[in-house]
Structure formats: C-alpha cells, structure tokens
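Quick mapping for you: the protein sequence lines, in order, are chains F and S. In terms of my numbering, the first sequence has 74 at position 74, counting the first letter as 1, and numbering is strictly consecutive. In terms of my numbering, the second sequence has 49 at position 49, counting the first letter as 1, and numbering is strictly consecutive.
Treat the hints loosely; a few may be bogus.
To be verified - Reference listing, derived: stretches of chain S covered by chain F, where coverage requires no fewer than 3 residues with Cβ under 8 Å from a Cβ of chain F:
#1 33-42
#2 102-113
What the hints assert, rightly or not - In silico DMTMM-like cross-links for lysine to aspartate or glutamate, where the CA-CA straight-line distance does not exceed 20 Å:
#3 F:Lys51 x S:Glu104
#4 F:Lys36 x S:Asp38
#5 F:Lys108 x S:Glu104
#6 F:Lys57 x S:Glu104
#7 F:Lys36 x S:Asp51
Bear in mind the hints are in silico, worked out from the structure with no lab data behind them. In this text, a Cβ means the ideal position worked out from N, Cα and C, and glycines have one as well.
Listed below are the residues making up each chain.
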Amino acid sequence: GQQVMQIPQYQHVQEGEDFTTYCNSSTTLSNIQWYKQRPGGHPVFLIQLVKSGEVKKQKRLTFQFGEAKKNSSLHITATQTTDVGTYFCARVTGGGNKLTFGTGTQLKVEL
Amino acid sequence: DVKVTQSSRYLVKRTGEKVFLECVQDMDHENMFWYRQDPGLGLRLIYFSYDVKMKEKGDIPEGYSVSREKKERFSLILESASTNQTSMYLCASTYGGGRGGPGELFFGEGSRLTVL
Chain F
1 GQQVMQIPQY
11 QHVQEGEDFT
21 TYCNSSTTLS
31 NIQWYKQRPG
41 GHPVFLIQLV
51 KSGEVKKQKR
61 LTFQFGEAKK
71 NSSLHITATQ
81 TTDVGTYFCA
91 RVTGGGNKLT
101 FGTGTQLKVE
111 L
Chain S
1 DVKVTQSSRY
11 LVKRTGEKVF
21 LECVQDMDHE
31 NMFWYRQDPG
41 LGLRLIYFSY
51 DVKMKEKGDI
61 PEGYSVSREK
71 KERFSLILES
81 ASTNQTSMYL
91 CASTYGGGRG
101 GPGELFFGEG
111 SRLTVL
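Construct the entire structure; sequences and hints are all you get.
Structure representation (structure tokens):
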C-alpha cells in the first residue's frame with residue numbers, strides 16, 4: 001500500500017517559534033485527517049479536511065488542504081511545550097474504509 | 001466518551017508462540033482497525049473490519065490474522081510470533097463514514113509486544 005509522505009521527519013524548535021509539517025501524495029486525496037500523538041500516548045484526532053483549498057484553524061493550529069487535493073499542511077504558530085509530540089496525516093484509500101497514515105513528524109520544543 | 005480498550009499494555013512472548021491481542025470498543029462503531037507502529041515508519045495498517053465477520057487486508061497483513069465475531073470486539077492473532085513482530089500495536093475504531101470514508105479514529109492505549 002502507498003504510505004503518505006510527511007516532511008520533515010523531525011523538527012526541533014525553540015518555544016515561540018513556528019512549526020509546519022507537510023503531507024504529500026502523488027494521487028488525489030478524497031480527504032485528509034490529522035492526528036497528534038503525545039510521547040507515550042496514542043494518536044488523537046485533530047481535524048478532517050475535505051474541500052479543495054480548505055483552511056481550518058484551531059487556536060494556534062492552521063490546517064490547509066491543497067487546491068489540487070494532493071497535499072496538506074499543519075502550521076503551529078508560536079509553539080509551546082504542550083505542542084510536543086508526533087503529528088500524523090492520514091488518507092482514505094482502498095475503496096473508502098481504509099485509513100493509511102503518513103510517516104509522521106516528530107516535534108520537540110525547547111525552552 | 002468513546003472507549004477503546006486493549007487487553008494488554010505489555011506482552012513478552014517467545015518466538016513461535018501464538019499471540020492474541022484483544023480490542024473492545026463501546027460505541028457501536030462499524031469499523032475497527034489494527035495498526036502497528038515502529039520508529040520512523042509511522043502507523044502501518046495490518047487489517048481492518050467494516051462489519052461483523054468481515055475483514056480486509058491492510059498494507060502489512062503477512063504473519064497476522066484477525067477475528068471479528070462480535071461488533072464490539074476485534075482480535076489480532078499472531079499464529080507463530082517472530083522477532084520482527086516486536087512492535088507497538090494500536091487498535092482503533094470509528095463509525096462508517098459513508099461516501100466520505102471513515103470518520104475520526106478513536107485509538108486504544110496500545111499493546112507493546114516483545115518477541116524474544
């Protein structure tokens with residue numbers, strides 16, 4: 001199966017800096033979901049994007065879906081230590097009930 | 001609140017043993033999934049089920065089987081455990097999403113399996 005590529009794999013930032021992770025696909029995505037996994041925890045759903053060019057915000061987090069629906073991004077403004085974790089995107093494949101996850105971006109925030 | 005419960009948080013098994021990982025959800029979700037998580041590889045789908053007694057292979061089904069006899073329970077079976085199956089196993093469930101695909105996944109706490 002085709003995994004979704006995420007970049008970067010790791011990111012270290014100073015608290016207060018911005019952070020962006022990208023999710024790229026060679027094929028058109030019907031929709032994209034984003035999850036966050038805290039260290040030692042399990043993935044927790046953040047958001048789903050469906051429409052071409054869609055932009056959604058959750059406080060300091062901004063999610064975008066590309067116009068061609070082949071890529072998506074998650075941007076965090078002014079990171080805090082509570083943002084530490086691994087961020088995954090996930091796409092629907094295989095006829096509609098199968099969710100395939102990206103490789104994830106691990107974010108570390110230093111004081 | 002949705003609750004997805006995995007029977008064991010930590011297991012240590014020997015090569016060749018049969019291993020059962022159990023997952024139960026309490027929200028009447030149609031879809032259930034088994035993933036394994038390894039560093040640098042993200043979450044890889046092993047099997048999923050969209051209804052009782054229905055199952056479909058994910059991206060890495062080799063060496064695994066599943067059982068879904070009741071809607072709330074989805075079991076992952078390693079017929080003969082091998083060292084390369086040492087991993088974190090995550091179960092998840094969601095309602096059927098219709099044309100839009102599955103809805104948000106609710107994950108269990110994970111089962112960390114070590115095969116010696």
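Against the structure, the hints:
As drawn, the region 33-42 of chain S meets chain F at 5 residues by the rule of a beta-carbon pair under 8 Å; at three or more, the given contact holds. Counting residues of the region 102-113 of chain S whose beta carbon lies closer than 8 Å to any beta carbon of chain F gives 9, which reaches the threshold of three, so the coverage claim holds. Between Lys51 (chain F) and Glu104 (chain S) the alpha-carbon distance is near 17 Å, which keeps this suggested pair within the 20 Å criterion. This hinted pair checks out: Lys36 (chain F) and Asp38 (chain S) have alpha carbons roughly 16 Å apart, not beyond 20 Å.
Between Lys108 (chain F) and Glu104 (chain S), the direct Cα distance comes to roughly 25 Å. Violation of the 20 Å bound is thereby established for this hinted pair. Proximity of Lys57 (chain F) to Glu104 (chain S) is assessed by CA-CA distance (about 17 Å); at most 20 Å being required, the pair is judged to hold. Our distance criterion of 20 Å between C-alpha atoms is broken by Lys36 (chain F) and Asp51 (chain S), whose separation comes to about 27 Å.
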